[in-house]
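Let's have the full structure, built from the sequences with the hints guiding it.
Protein chains: 2
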Amino acid sequence: MKLFLPAQTILLPSPVLIIGTYGSDGRPNIMNASWGGIASSKPPCISVSLREATLTYHNIKQAGAFTVNIPSEKYFKEADFVGMVSGRDCDKFKQTGLTPEKSKLVNAPIVKEFPYSLECNLVRQIDLGPLNAIWSGRLILACIQCSLEKLSEWSLIARF
Amino acid sequence: MKLFLPAQTILLPSPVLIIGTYGSDGRPNIMNASWGGIASSKPPCISVSLREATLTYHNIKQAGAFTVNIPSEKYFKEADFVGMVSGRDCDKFKQTGLTPEKSKLVNAPIVKEFPYSLECNLVRQIDLGPLNAIWSGRLILACIQCSLEKLSEWSLIARF
Chain A
253 MKLFLPAQTI LLPSPVLIIG TYGSDGRPNI MNASWGGIAS SKPPCISVSL
303 REATLTYHNI KQAGAFTVNI PSEKYFKEAD FVGMVSGRDC DKFKQTGLTP
353 EKSKLVNAPI VKEFPYSLEC NLVRQIDLGP LNAIWSGRLI LACIQCSLEK
403 LSEWSLIARF
Chain B
253 MKLFLPAQTI LLPSPVLIIG TYGSDGRPNI MNASWGGIAS SKPPCISVSL
303 REATLTYHNI KQAGAFTVNI PSEKYFKEAD FVGMVSGRDC DKFKQTGLTP
353 EKSKLVNAPI VKEFPYSLEC NLVRQIDLGP LNAIWSGRLI LACIQCSLEK
403 LSEWSLIARF
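Chains as they are written, first to last, in our numbering: chain A, 253 to 412; chain B, 253 to 412.
Source of the hints: derived by calculation from the structure; they are not laboratory data. Treat the hints loosely; a few may be bogus.
Unchecked claim - The list that follows gives simulated cross-link-like pairs (lysine to any residue, SDA-like), each with its CA atoms no further than 25 angstroms apart:
no. : chain 1 : residue 1 : chain 2 : residue 2
1   : B       : 294       : A       : 259
2   : A       : 356       : A       : 310
3   : B       : 356       : A       : 257
4   : A       : 326       : B       : 264
5   : A       : 294       : B       : 277
6   : A       : 294       : B       : 259
7   : B       : 254       : A       : 328
8   : B       : 364       : A       : 266
9   : A       : 294       : B       : 340
10  : A       : 326       : B       : 354
11  : B       : 356       : A       : 253
12  : B       : 354       : A       : 263
13  : A       : 354       : B       : 264
14  : B       : 313       : B       : 373
15  : A       : 254       : B       : 379
16  : A       : 326       : B       : 262
17  : A       : 326       : A       : 338
18  : B       : 254       : A       : 341
19  : B       : 294       : A       : 374
20  : A       : 356       : B       : 260
21  : A       : 326       : B       : 253
22  : A       : 356       : B       : 262
23  : A       : 294       : B       : 337
24  : A       : 326       : B       : 265
25  : A       : 254       : B       : 367
26  : B       : 364       : B       : 253
27  : A       : 254       : B       : 373
28  : A       : 329       : B       : 399
29  : B       : 254       : A       : 254
30  : A       : 294       : B       : 258
31  : A       : 354       : B       : 255
32  : A       : 364       : B       : 337
33  : B       : 294       : A       : 305
34  : A       : 294       : B       : 253
35  : A       : 294       : B       : 353
Small disclaimer: the values here were computed from a predicted structure and weren't measured.
Following this line, the structure appears as structure tokens:
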């Protein structure tokens, strides 16, 4: 049978994008965002949709940069946690034990323990309504944590 | 070890969004797009990034609407195929044996055999570079194919 429902904001799979930013006081923050992904190839851009209520929304606006960090399965609890609380109320790095690390090229921190990070400079804020904006960032650098044995696999992927 | 690579447009998981549109001649078309997803909650919107080279890009522009159809695993070959060829060169519905069906509320077809379809009216074209544009559509209706036994599960999800 067919079931018709009013508009549902449900679409799977939902990525786990851990967005790294600095606040105006230099404090690193991370949040879990699932509404985002690659948006263009030339220039290479990633877009992430955030509510204005989030600290990350304002951090990106102020710092002009963000990182997208992909956790390994080992860190699923930490990844979930940083999507449940606000960086206004606690230091999410301290609470999770994760380590903020300076990124190579942009003004945003990466998560040291995570295997894949993308460094992005903000290029566009696209307001979609009273609550959400899409933040489009130009991909500057990809940082991959890998063992020497895995290096050949990554090299293949990098050429993909 | 850490490996730094130039910007990579690689981010997993990559959704399989089968975009349904009508051409100016009324011909239904589908393509497989993986750069997209939910973009806002109020209004509920979905965004999908498409190259100008695609027929779907022009169909959305002309028709002002599109659908997002999620295939079940059974149709992975068909889903792959419609991302590999252009609707300019062949009738992808005929080639795959899939059935275009009028959607309930927007000017775009859904794929009858697929279990989940979202009907969207275009609200924004956001040009990101010389090749890509993000098409943001307002979600109007969700259409779910389900058995009576599964209905209670979906009801739960719908309230999620």
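Hint check, failures only | 5, 10, 15, 18, 26, 28, 29, 32, 34 and 35
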